[in-house]
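> Each chain is listed here by its residues.
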Amino acid sequence: MKQGGLPPNPDPVLNQPITPELVTKHGLLPEEFEQVRRHLGRDPTLTELGIFSVMWSEHCSYKNTRPLLKGFPVEKTGATADFGRVLVRAGEENAGIIDVGDGWAIAFKIESHNHPSAVEPFEGAATGVGGIIRDIFTMGARPVLVTNSLRFGELDSPVTRRLLRGVVAGIAHYGNCVGVPNIGGDIYFDRSYEGNPLVNALCLGTLRHEQIRRGKATGLGNPVYYVGAATGRDGLGGASFASRELSAESASDRPAVQKGDPFMEKLLIEACLEMMAVPGLVVGIQDMGAAGLTCSTCETASRGGSGIEIELDRVPQREPGMNSYEIMLSESQERMLVIVQAGREREIEEVFAKWDLHAARVGSVTDTGRMLVRHHGVPVADIPASALTDGAPVYQREARRPAYLDETSRWTPERAGLADLDLAGARAALPRLLSHPTIASKRWIYRQYDHMVQHGTVVEPGSDAGVVRLRLGGSEKFIAVSNDCNGRYCYLNPRRGAMIAMVECLRNLACAGAAPLAMTDNLNFGNPYKPENFYQLKECVEGLAEACRFFDVPVVGGNVSLYNESPEGAIDPTPTVSVVGLIECEAHITRQYARAAGARLILLGGAPTELGGSQFLGIVHGKKTGDAPAVDLAAEKRLQALLLGQIKAGRLGAAHDLSEGGLLVAVCEMLFGLVGLGAVVDLSGLPSPRQDALLFGESQGRALVSAAPADEPAVLAAAAAAGVPADSIGEVTADGALTVKTARGPLEWAVSGLRAGWETSIETAMKRPGLG
Amino acid sequence: MNIAVLQFPGSNCDQDAFQLFASGLGLPTRYVWHKDTRLGEADLVVLPGGFAYGDYLRCGAIARFSPVMGAVREYARKGGLVLGICNGFQILCEAGLLPGALIRNSSLEYRCMTCELAVEDAGPAFNPGTLGARIRLPIGHGEGNFRIDEAGRAGLEANRQVILRYLDNPNGSLDGIAGVRSEAGNVFGMMPHPDRAFERFHPSRDGLSVARAVLAARFPDLIRKSA
Numbered sequence: 000m001k002q003g004g005l006p007p008n009p010d011p012v013l014n015q016p017i018t019p020e021l022v023t024k025h026g027l028l029p030e031e032f033e034q035v036r037r038h039l040g041r042d043p044t045l046t047e048l049g050i051f052s053v054m055w056s057e058h059c060s061y062k063n064t065r066p067l068l069k070g071f072p073v074e075k076t077g078a079t080a081d082f083g084r085v086l087v088r089a090g091e092e093n094a095g096i097i098d099v100g101d102g103w104a105i106a107f108k109i110e111s112h113n114h115p116s117a118v119e120p121f122e123g124a125a126t127g128v129g130g131i132i133r134d135i136f137t138m139g140a141r142p143v144l145v146t147n148s149l150r151f152g153e154l155d156s157p158v159t160r161r162l163l164r165g166v167v168a169g170i171a172h173y174g175n176c177v178g179v180p181n182i183g184g185d186i187y188f189d190r191s192y193e194g195n196p197l198v199n200a201l202c203l204g205t206l207r208h209e210q211i212r213r214g215k216a217t218g219l220g221n222p223v224y225y226v227g228a229a230t231g232r233d234g235l236g237g238a239s240f241a242s243r244e245l246s247a248e249s250a251s252d253r254p255a256v257q258k259g260d261p262f263m264e265k266l267l268i269e270a271c272l273e274m275m276a277v278p279g280l281v282v283g284i285q286d287m288g289a290a291g292l293t294c295s296t297c298e299t300a301s302r303g304g305s306g307i308e309i310e311l312d313r314v315p316q317r318e319p320g321m322n323s324y325e326i327m328l329s330e331s332q333e334r335m336l337v338i339v340q341a342g343r344e345r346e347i348e349e350v351f352a353k354w355d356l357h358a359a360r361v362g363s364v365t366d367t368g369r370m371l372v373r374h375h376g377v378p379v380a381d382i383p384a385s386a387l388t389d390g391a392p393v394y395q396r397e398a399r400r401p402a403y404l405d406e407t408s409r410w411t412p413e414r415a416g417l418a419d420l421d422l423a424g425a426r427a428a429l430p431r432l433l434s435h436p437t438i439a440s441k442r443w444i445y446r447q448y449d450h451m452v453q454h455g456t457v458v459e460p461g462s463d464a465g466v467v468r469l470r471l472g473g474s475e476k477f478i479a480v481s482n483d484c485n486g487r488y489c490y491l492n493p494r495r496g497a498m499i500a501m502v503e504c505l506r507n508l509a510c511a512g513a514a515p516l517a518m519t520d521n522l523n524f525g526n527p528y529k530p531e532n533f534y535q536l537k538e539c540v541e542g543l544a545e546a547c548r549f550f551d552v553p554v555v556g557g558n559v560s561l562y563n564e565s566p567e568g569a570i571d572p573t574p575t576v577s578v579v580g581l582i583e584c585e586a587h588i589t590r591q592y593a594r595a596a597g598a599r600l601i602l603l604g605g606a607p608t609e610l611g612g613s614q615f616l617g618i619v620h621g622k623k624t625g626d627a628p629a630v631d632l633a634a635e636k637r638l639q640a641l642l643l644g645q646i647k648a649g650r651l652g653a654a655h656d657l658s659e660g661g662l663l664v665a666v667c668e669m670l671f672g673l674v675g676l677g678a679v680v681d682l683s684g685l686p687s688p689r690q691d692a693l694l695f696g697e698s699q700g701r702a703l704v705s706a707a708p709a710d711e712p713a714v715l716a717a718a719a720a721a722g723v724p725a726d727s728i729g730e731v732t733a734d735g736a737l738t739v740k741t742a743r744g745p746l747e748w749a750v751s752g753l754r755a756g757w758e759t760s761i762e763t764a765m766k767r768p769g770l771g
Numbered sequence: 000m001n002i003a004v005l006q007f008p009g010s011n012c013d014q015d016a017f018q019l020f021a022s023g024l025g026l027p028t029r030y031v032w033h034k035d036t037r038l039g040e041a042d043l044v045v046l047p048g049g050f051a052y053g054d055y056l057r058c059g060a061i062a063r064f065s066p067v068m069g070a071v072r073e074y075a076r077k078g079g080l081v082l083g084i085c086n087g088f089q090i091l092c093e094a095g096l097l098p099g100a101l102i103r104n105s106s107l108e109y110r111c112m113t114c115e116l117a118v119e120d121a122g123p124a125f126n127p128g129t130l131g132a133r134i135r136l137p138i139g140h141g142e143g144n145f146r147i148d149e150a151g152r153a154g155l156e157a158n159r160q161v162i163l164r165y166l167d168n169p170n171g172s173l174d175g176i177a178g179v180r181s182e183a184g185n186v187f188g189m190m191p192h193p194d195r196a197f198e199r200f201h202p203s204r205d206g207l208s209v210a211r212a213v214l215a216a217r218f219p220d221l222i223r224k225s226a
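In order, the protein sequence lines correspond to chains A and B. The opening residue of the first sequence carries number 0 in numbering that gives the first Met the number 0; numbering runs sequentially from there. The opening residue of the second sequence carries number 0 in numbering that gives the first Met the number 0; numbering runs sequentially from there.
Just so you know, nobody snuck in bad clues.
The list that follows gives simulated cross-link-like pairs (lysine to aspartate or glutamate, DMTMM-like), each with its CA atoms no further than 20 Å apart:
{"hint": "1", "chain 1": "A", "residue 1": "Lys476", "chain 2": "A", "residue 2": "Glu583"}
{"hint": "2", "chain 1": "B", "residue 1": "Lys34", "chain 2": "A", "residue 2": "Asp355"}
{"hint": "3", "chain 1": "B", "residue 1": "Lys34", "chain 2": "A", "residue 2": "Glu348"}
{"hint": "4", "chain 1": "A", "residue 1": "Lys353", "chain 2": "B", "residue 2": "Asp35"}
{"hint": "5", "chain 1": "A", "residue 1": "Lys62", "chain 2": "A", "residue 2": "Glu30"}
{"hint": "6", "chain 1": "A", "residue 1": "Lys623", "chain 2": "A", "residue 2": "Glu193"}
{"hint": "7", "chain 1": "A", "residue 1": "Lys766", "chain 2": "B", "residue 2": "Glu108"}
{"hint": "8", "chain 1": "A", "residue 1": "Lys441", "chain 2": "B", "residue 2": "Glu108"}
{"hint": "9", "chain 1": "A", "residue 1": "Lys623", "chain 2": "A", "residue 2": "Glu153"}
{"hint": "10", "chain 1": "A", "residue 1": "Lys476", "chain 2": "B", "residue 2": "Glu198"}
{"hint": "11", "chain 1": "A", "residue 1": "Lys622", "chain 2": "A", "residue 2": "Glu406"}
{"hint": "12", "chain 1": "B", "residue 1": "Lys34", "chain 2": "A", "residue 2": "Glu349"}
{"hint": "13", "chain 1": "B", "residue 1": "Lys34", "chain 2": "A", "residue 2": "Glu273"}
Distance ranges between label pairs, derived from CB positions:
{"hint": "14", "chain 1": "B", "residue 1": "Arg57", "chain 2": "A", "residue 2": "Phe549", "range": "53 to 59 Å"}
{"hint": "15", "chain 1": "A", "residue 1": "Ser474", "chain 2": "B", "residue 2": "Ala157", "range": "48 to 54 Å"}
{"hint": "16", "chain 1": "A", "residue 1": "Glu153", "chain 2": "B", "residue 2": "Arg146", "range": "35 to 41 Å"}
{"hint": "17", "chain 1": "A", "residue 1": "Ala633", "chain 2": "B", "residue 2": "Leu107", "range": "50 to 56 Å"}
{"hint": "18", "chain 1": "A", "residue 1": "Gly100", "chain 2": "B", "residue 2": "Arg199", "range": "17 to 23 Å"}
{"hint": "19", "chain 1": "B", "residue 1": "Ser106", "chain 2": "A", "residue 2": "Pro566", "range": "31 to 37 Å"}
{"hint": "20", "chain 1": "A", "residue 1": "Lys766", "chain 2": "B", "residue 2": "Ala157", "range": "38 to 44 Å"}
{"hint": "21", "chain 1": "A", "residue 1": "Phe82", "chain 2": "B", "residue 2": "Glu156", "range": "57 to 63 Å"}
{"hint": "22", "chain 1": "A", "residue 1": "Gly376", "chain 2": "B", "residue 2": "Lys34", "range": "36 to 42 Å"}
{"hint": "23", "chain 1": "A", "residue 1": "Leu770", "chain 2": "B", "residue 2": "Ala157", "range": "48 to 54 Å"}
{"hint": "24", "chain 1": "A", "residue 1": "Glu475", "chain 2": "B", "residue 2": "Leu107", "range": "33 to 39 Å"}
Read the hints as simulated data drawn from the structure, not as lab findings. All C-beta atoms, glycine included, are put in the ideal place defined by N, C-alpha and C.
Just need the whole structure built from these sequences, with the hints factored in.
Here is the structure:
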């Protein structure tokens, strides 16, 4: 093929002919290459091919998911003047923004760093935190919290232990130094994530409405600045790397993993917020994340409907001799692109000098609609900016229901002849469940994260939702964040599993005393070119969208991470959901922990009856089968309204949703907050077809609450009025024993023993060496 | 009354320390930038927590050379009150204003949790009267393992320079030492965070007592009023 149009690149290496092999190596299909040629009206240069390859990767273009994502609601229909108005919608900018009243708003988003964490867990996870924090302060917001959603294989694998240790240390290293509290998250351990862990990080920031900044390059002749760290050869083509499956050779892709410098990020946050506080100085701003300088220049130009030209000689560089391909595709961290009002260059330069950071004028805004890149004065790339963004290909992939669903969805314990639990079996099962890492205390993880910096953390990690106090000007507000997604349910019933992720998040928020504002999601799936994987993706997205609409919770942004496969196969479909809620006043903040003996325990939602997809089935019987638990959205809404109403009425001492491990695990978790507590529970009158399903099943729409004896009648009456089944099942005691009366006889455990297994399980596992 | 909170570029508890004194105790409080070579009029200089210059080397090893530290040294030499919290404690040790050194936690991991602490009888300079025998304060550090040589240890004990000890040692510190004062009694350092223990919803409000204890010897009237 001929290479026409542009003069030879100053680096002869980049003047090689574009062969079909090179095109394939860049992850572009032959027909996509033809589209590139049509956009350019000629063959691309190698630099341009690299630029198209990262911008048209799934990571940047969402080419396989864009049509699906259109199904998400992006506005809150019931928003009021000071609650929940969407100020910046999903997909418009680096993060969505929601009004929280009094002229204040919050920006938040979740993003994945799965592949980098698989090959280089420490740096991969660290830079994942750094990237999402940049997405937030790019919007003009001060980051006030982060959370994480993590998925790993089982801890009996030395490779998994190495990955977990590295990921946790990396998150701690970055977040602790930057000084943004890590207030919680969720983590599951399951074989399907072995070799392909999931590392999703959320950041939330606060800002005044008038501080909102956009990633737009506007104003002909306005200077374009590059600020922050110098560009090196790290992270070359990271976006493309994230858009293919992991293989045995992936370790050789380590150069595609970036190296983080949290101190630099801290300086960048402060300098950028200081600069953005100056009225009228910043015209547009965007962080250089995936696809680095390439993405930030063409996206700002495309959004602004303008053009942009830059000279790479002016880009601060970490090492000499980098060529245009390397500079444009580097994903070096802690860099931003800023479009400044012409004539005010000195002001931005002074701010960055104060913080000892680079601020280099690398180019200017044009009106050509093109992204023009020069190196040593020679044009090396000249592309219509919109060709890289809106012009990216869009595919409707083929979806095919996976064959395994025929078998799993028909499975029932009766058909399989699964013996129900006898007393001895039940007695043994509870400690086993409590000490499985998925259910066990996550203290080993969160004590490595600074969850208290900024002195606003109200509910520390470990409860249903993390809660922080926001100091907004003269007033304060309390917000709660909950993350969830049970991949096991999504594997067994993708549509329902995704809905459960959503309703569980909402239930967690209701238990904390919060009303939901909006959600952000991270869609972690396998290779979408495999129809079975695409079926899972499509079903999950549709399920999520339905739940979002039902609860009037808009999606304000998120991330899609596909190709999560190792040689052993795809991960369980994992559409991680994070919902942010607002708590009306401090008195409503509720935890999952019982606070005193004598409190009554009330089960809301009725007796659990299902066993499919439960942790019990996995841990005790070694099975991942059955249908996911049923979801009744209307019943969920009634339950959550009841929870919130009773919390506001001041009647609930503790509230905890029933999730992994079921009823008895929830009872234990409620007792673990205060040493010495016990409980007497009577389940003998609860109707359930099976003992195992009653004790450990994971039927949805349930919550366990505690109330003072004097308040109990009012709670039960309110439940009856709301149409929510409510059963008074027992009482918190001070004798440290958990006694459960069942139809088959009595069960008893010492809470201290149960707690010991629950508290130390992960810590003990992590004392064993890691490998790999 | 005038509290000066230093701001190094990587300080991230500067606002926490500021609020402890400003909203917790209601005292006039201001920031001093690390490039300043003068402190101005100050009754207490606070070195807050964080990662002053990234701390990729030994914590505080670069901060001790920062422009503002010359002024802090001079201020301390003249008897001015200085309080270092967490990274601030590390910097004061590196700068030679407090004895000992803080090395990697024995667990080799960062620790964020709330600790029980014994308040030691450190003489009138750190007023135990406002504190009681036991307090609870959060910690958040990777390098809080206090070390000192035998002679230094003997000196600390002889001069009653230990102000706080962990009851359940979270980081391997020698003798569970969590905080010390200078021999002269005007420079204080501690790994636990009083700046995370002063709001209604914090794990305790003992941070207020600690802040008062530092100020008590010099400003008895003020402390009586605020307590």
